[in-house]
Amino acid sequence: MWKYALKRVIQGVITVWFIATATFFAMHAVPGDPLSGDKALTERIRANLEIKYGLDKPLFTQYVIYLKNISQGDFGISFTQENRQVNDIIREHFPVSATLGILAIVFAAVGGVLWGALTALYRNRWPDTVIMFLVILGISVPSFVVAALGQLSLVKLNNLTGVSILPVGGWGTVWHMILPSMVLGLGTMAYLTRLMRSSMLEIISADYIRTAKAKGVPPTQIFTRHQLRNAILPVITVLGPSIAAITTGGFVVEIIFAIPGLGRYFVQAVQQLDYTVIMGTTVFYGAFLVFMVIVVDIIYGYIDPRVRLE
Amino acid sequence: MAEIPMAPALIDAAAFTRIEQTEGIHGISRPSLSYWQDAWIRLKANRRALWSLYLVAGLMVFTLLGPLFWQVDPAQQDVEQISQPPGADRNITLVPEYEPWYGSPDAPGEGLRFVADPSTQHVRIQWDPMPGAAGYRVYRNIFPIGPEQALGLPLQETDLSQTYFEDRLDLQPRDYFYTVVALDPRNKELDQLQTIQGAVTRVLSPSEARARGLIAEHAQAEIGSSYTLALHPLGTDYLGRDMLARLMHGARVSLFIGFFAPFLYVIFGVAYGSTAGFLGGATDQFLMRFADFVVALPFLLFMILLKVVFAIGPGESGILPMLLAMVLLLWPGTARLVRGQILQIREEAYISASRLLGAKTTYLVMRHMIPNTMGVILVTITFAVPSAIFTEAFLSFIGMGVAPPTPSWGSMCNEGIKTMLTTPHELIFPALLISLTVLAFNLLGDGLRDALDARMRNRE
Numbered sequence: 001m002w003k004y005a006l007k008r009v010i011q012g013v014i015t016v017w018f019i020a021t022a023t024f025f026a027m028h029a030v031p032g033d034p035l036s037g038d039k040a041l042t043e044r045i046r047a048n049l050e051i052k053y054g055l056d057k058p059l060f061t062q063y064v065i066y067l068k069n070i071s072q073g074d075f076g077i078s079f080t081q082e083n084r085q086v087n088d089i090i091r092e093h094f095p096v097s098a099t100l101g102i103l104a105i106v107f108a109a110v111g112g113v114l115w116g117a118l119t120a121l122y123r124n125r126w127p128d129t130v131i132m133f134l135v136i137l138g139i140s141v142p143s144f145v146v147a148a149l150g151q152l153s154l155v156k157l158n159n160l161t162g163v164s165i166l167p168v169g170g171w172g173t174v175w176h177m178i179l180p181s182m183v184l185g186l187g188t189m190a191y192l193t194r195l196m197r198s199s200m201l202e203i204i205s206a207d208y209i210r211t212a213k214a215k216g217v218p219p220t221q222i223f224t225r226h227q228l229r230n231a232i233l234p235v236i237t238v239l240g241p242s243i244a245a246i247t248t249g250g251f252v253v254e255i256i257f258a259i260p261g262l263g264r265y266f267v268q269a270v271q272q273l274d275y276t277v278i279m280g281t282t283v284f285y286g287a288f289l290v291f292m293v294i295v296v297d298i299i300y301g302y303i304d305p306r307v308r309l310e
Numbered sequence: 001m002a003e004i005p006m007a008p009a010l011i012d013a014a015a016f017t018r019i020e021q022t023e024g025i026h027g028i029s030r031p032s033l034s035y036w037q038d039a040w041i042r043l044k045a046n047r048r049a050l051w052s053l054y055l056v057a058g059l060m061v062f063t064l065l066g067p068l069f070w071q072v073d074p075a076q077q078d079v080e081q082i083s084q085p086p087g088a089d090r091n092i093t094l095v096p097e098y099e100p101w102y103g104s105p106d107a108p109g110e111g112l113r114f115v116a117d118p119s120t121q122h123v124r125i126q127w128d129p130m131p132g133a134a135g136y137r138v139y140r141n142i143f144p145i146g147p148e149q150a151l152g153l154p155l156q157e158t159d160l161s162q163t164y165f166e167d168r169l170d171l172q173p174r175d176y177f178y179t180v181v182a183l184d185p186r187n188k189e190l191d192q193l194q195t196i197q198g199a200v201t202r203v204l205s206p207s208e209a210r211a212r213g214l215i216a217e218h219a220q221a222e223i224g225s226s227y228t229l230a231l232h233p234l235g236t237d238y239l240g241r242d243m244l245a246r247l248m249h250g251a252r253v254s255l256f257i258g259f260f261a262p263f264l265y266v267i268f269g270v271a272y273g274s275t276a277g278f279l280g281g282a283t284d285q286f287l288m289r290f291a292d293f294v295v296a297l298p299f300l301l302f303m304i305l306l307k308v309v310f311a312i313g314p315g316e317s318g319i320l321p322m323l324l325a326m327v328l329l330l331w332p333g334t335a336r337l338v339r340g341q342i343l344q345i346r347e348e349a350y351i352s353a354s355r356l357l358g359a360k361t362t363y364l365v366m367r368h369m370i371p372n373t374m375g376v377i378l379v380t381i382t383f384a385v386p387s388a389i390f391t392e393a394f395l396s397f398i399g400m401g402v403a404p405p406t407p408s409w410g411s412m413c414n415e416g417i418k419t420m421l422t423t424p425h426e427l428i429f430p431a432l433l434i435s436l437t438v439l440a441f442n443l444l445g446d447g448l449r450d451a452l453d454a455r456m457r458n459r460e
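Chains as they are written, first to last, in this note's numbering: chain C, 1 to 310; chain W, 1 to 460.
Any given hint might turn out to be false.
To be verified - Label-pair restraints from in silico Cβ distances: (1) C:173 / W:223: 56 to 62 Å; (2) W:149 / C:258: 42 to 48 Å; (3) C:102 / W:160: 56 to 62 Å; (4) C:1 / W:64: 40 to 46 Å; (5) C:157 / W:40: 55 to 61 Å; (6) C:159 / W:223: 40 to 46 Å; (7) C:10 / W:70: 32 to 38 Å; (8) C:73 / W:38: 29 to 35 Å; (9) C:28 / W:70: 45 to 51 Å; (10) W:70 / C:127: 56 to 62 Å; (11) C:173 / W:271: 30 to 36 Å; (12) C:17 / W:149: 54 to 60 Å; (13) W:344 / C:118: 30 to 36 Å; (14) W:282 / C:260: 43 to 49 Å.
In short, the hints are calculated from the structure, not lab data. All C-beta atoms, glycine included, are put in the ideal place defined by N, C-alpha and C.
Isolated chain C (complex conformation):
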């Protein structure tokens, strides 16, 4: 168990190093740099700025310095926002994105498991048909459309009732979080519902269910102890990749709902070619995702005794 975890963590560190390297060289392969922006600089100022940001050194030296800094958790200073540490940007905006993401994941997982179990119980009857229709719809509609339509209907609803039921955009209170996290989690919830349904249906015909029935275990107990617990396993496996999907979806939701999260900053930095912010957020996001997948895998081995972690 510990050996497995250690192995995965080492693998994770190598992955993060790979991401950092790829990002670094990719960013430096791009012609143009943040100093060749709209302001025309004299040769002298330019040279001074290059020294300040270390751009005058050979590429490999820059790379070594960069690796040394990130291994100490220092992502450098933003190029476009003067004297702002990338660490500060992450510290300030990541909690917002994380809150949104966690709420969305919880919403998606709880909803997915419940709806999936319900559809399997009422297989081929009307609740199944209705929910599966909604699920197909949820999978087929892009997140930005869901976000826009959600916002639109909220505006209409607020206008209709005359009171502001929920805020339409922005961030701050719990009320601000409800609609964005629901919108963000909807696609994943639909996907998890489908997964849960098929794994429930597979389990219904398993031998141990028949045994339990033969033993005379009450149906509710069969459902909670035998079916639900086993059917949840595949849902947990995809939670890791789902976190990645929700992070990407978060970019759009943050833009549409005007939420000051890290995703919005990332898109902005990419447009402004802000080297350090891009590299910092990329490595940070990459490390976060790798870490989440490892955590999910370890949890999985803990929950499912059939998987031996070696």
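Knowing the structure of chain C, use the given hints to seat chain W on it.
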């Protein structure tokens, strides 16, 4: 016990006739079907999958043949019809040429009033002096003024002597709400205000009509006569471009990416995954670790990078980099899946049997491995299409994909979302098409998976 006759009775040979051999006695009760024939029959039996197949065919017709029937240039702007929903009134009335106006103090009526009929040429309002006012500020809104006093766009400030205002700013045929607020000497708003509502009619002067080709160059233009503007079945967008034409042309980008990218990366993934799975051992380990690294790469960043490598500046369309970025970054999923399949099949008894009979590696791969993974690969492609369409839409939506003049469903959504509250059709049509396409491919994928799964053969 019945008595057994001692001697056999005479049997009359004529009582017996030879039975003609009929079909069906020797034949097998059901015709022998190949794997694909069988899958096709089961796919046809699945109503949802069949409908989604029709839907996909319909989309192809819409994209490929549509522009032949609806030959409107998607870039052409119809400035008389901006942001018009489908089925909007297309009539336009000819009015005299514009002449400047400096208020008509003796205009009839009380309070805030229209001096002439409000039209797209001009809206002229006049009001009576308000007590205590040192000046006025005129606002225009497209929504009714609610209790929260959102007055809309401030158009002009006038001094005390001017109690009239002429609006010529980007007028569209719709309802407008004009508000005049009294100002104190420091230009602070007093709480005296008057609001008026007016429906603006669409008009055109003869010179404009000639420029647009609505009337012939030297023909007599009769003031007051009305003309019909060009038809836009699905309305127009915020620049007056035809939605239907844009959707058809946008479909090309979306479906091109949607089909081509999955096709390419699935092929690459199949080659990669089957190599890893077949070779096994250290090679497999190395290849799969590399795939893990690629999965962790941030897609957006490499998208931008490729855009620049292809020397495509900001504001230009980057279809090729988008395609390349997707191919370079999205193959590991397929590779993993195919590797798993190959590993599984490699251990199957029929492979051992075939090998025992002397089959060579190439034969094994071509005859057993690939055909047996074909179903999985086909299903992967079908599910990859909607996700590629999603990715294209997502990238164009955040402005990293197709740039403005080229339409794509994603970029149309991006533009439509800005005017969502006033003209929702600009968002709804492209969003609907994306959703329908994705829906069709998802249902088709489901159907294909069921149809191609040999274990499903005897269920039902």
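Structure-based check of each hint:
A C-beta distance of roughly 59 Å is found between residue 173 (chain C) and residue 223 (chain W), which places it inside the suggested range of 56 to 62 Å. In this structure the hint that residue 149 (chain W) and residue 258 (chain C) lie 42 to 48 Å apart at CB is violated, the actual value being about 23 Å. Against the hinted window of 56 to 62 Å, the Cβ-Cβ separation of residue 102 (chain C) and residue 160 (chain W) comes to about 59 Å, which satisfies the hint. In this structure, residue 1 (chain C) and residue 64 (chain W) break the distance hint of 40 to 46 Å, their C-beta atoms being roughly 57 Å apart.
Evaluation of the 55 to 61 Å hint for residue 157 (chain C) and residue 40 (chain W) yields a failure: the beta carbon distance comes to about 48 Å. Between residue 159 (chain C) and residue 223 (chain W) the beta carbon distance is about 41 Å. The supplied range of 40 to 46 Å therefore holds. Distance hint for residue 10 (chain C) and residue 70 (chain W): a CB-CB separation of about 59 Å, inconsistent with the stated range 32 to 38 Å. For residue 73 (chain C) and residue 38 (chain W), the hinted distance range of 29 to 35 Å is not satisfied, since their beta carbons lie about 59 Å from each other.
Remark: the range hint 45 to 51 Å for residue 28 (chain C) to residue 70 (chain W) is upheld by a beta-carbon distance near 47 Å. A beta carbon spacing of about 43 Å between residue 70 (chain W) and residue 127 (chain C) contradicts the range 56 to 62 Å that was offered as a hint. Under the hint 30 to 36 Å, the C-beta atoms of residue 173 (chain C) and residue 271 (chain W), about 52 Å apart, miss the expected range. Taking the beta carbon of each, residue 17 (chain C) and residue 149 (chain W) are about 58 Å apart, inside 54 to 60 Å as hinted.
Distance hint for residue 344 (chain W) and residue 118 (chain C): a CB-CB separation of about 33 Å, consistent with the stated range 30 to 36 Å. A hinted range of 43 to 49 Å for the beta carbons of residue 282 (chain W) and residue 260 (chain C) is consistent with their spacing of about 48 Å.
Of the numbered hints listed earlier, those contradicted by the structure are 2, 4, 5, 7, 8, 10 and 11.
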